[in-house]
Amino acid sequence: MTYDVVVVGGVPRTSTALYTTSFGHRTALFEHEGGRHATFGHVHSLPDVSENVSGRELADHALEQLETYGGDVHFDSVESIDGPAEGSYPFRVEADHAMVEARRIVLATGFRNHGTDVPGLVRFTGRRLYYLSSL
Numbered sequence: 001m002t003y004d005v006v007v008v009g010g011v012p013r014t015s016t017a018l019y020t021t022s023f024g025h026r027t028a029l030f031e032h033e034g035g036r037h038a039t040f041g042h043v044h045s046l047p048d049v050s051e052n053v054s055g056r057e058l059a060d061h062a063l064e065q066l067e068t069y070g071g072d073v074h075f076d077s078v079e080s081i082d083g084p085a086e087g088s089y090p091f092r093v094e095a096d097h098a099m100v101e102a103r104r105i106v107l108a109t110g111f112r113n114h115g116t117d118v119p120g121l122v123r124f125t126g127r128r129l130y131y132l133s134s135l
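Going by our numbering, the first residue of the sequence shown is number 1, and it counts up by one from there.
Where hints are given, some of them may not hold.
Claimed, not checked - Have a look at the derived ranges for each label pair, beta carbon to beta carbon:
hint, residue 1, residue 2, range
1, E86, T2, 17 to 23 Å
2, G24, E57, 26 to 32 Å
3, D82, N52, 40 to 46 Å
4, E79, S54, 26 to 32 Å
5, S77, T2, 16 to 22 Å
6, N52, T2, 38 to 44 Å
What the hints contain is simulated information worked out from the structure, not anything from laboratory work. The beta carbon of each residue, even a glycine, is placed where N, CA and C say it ideally should be.
Can you make the complete structure from the sequences, with help from the hints?
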């Protein structure tokens, strides 16, 4: 299947997938179980979110919303992303239990101040590959 946008990572960045889906882009989110959000006992400083909500509850709610908007959720670890030849489409995203194609990739893989050290990605950055801070 070919998606307009594939978000790798996710909660709490499910909002990126929600936005792209709500704007009519066919979107998939790849999220492996766990992550920092699952350890938060209480979420705070987020608009319209009660402080009595745990990180896990917030994640579950966001994933339900994404599916309601028509996005696809894959609870799977991405193993590789193969970039297309210059000027062509799509990216090939391979996970443990799925393989999809995407016109654009959003990497939301955790708390970092820099991108990943993957050879060849720099040529796509800002064109068809986006880090969350650049959206």
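Verification of the hints:
At about 19 Å, the beta-carbon gap between E86 and T2 stays in the expected band of 17 to 23 Å. Judged by the Cβ atoms, the range 26 to 32 Å given for G24 and E57 holds: they are separated by roughly 28 Å. For the pair D82 and N52, the beta carbons lie near 43 Å from each other, so the given range of 40 to 46 Å is met. Range check, E79 to S54: Cβ separation about 30 Å, and the 26 to 32 Å hint holds.
A hinted range of 16 to 22 Å holds for the C-beta pair S77 and T2, which are about 21 Å apart. Between N52 and T2 the beta carbon distance is about 41 Å. The supplied range of 38 to 44 Å therefore holds.
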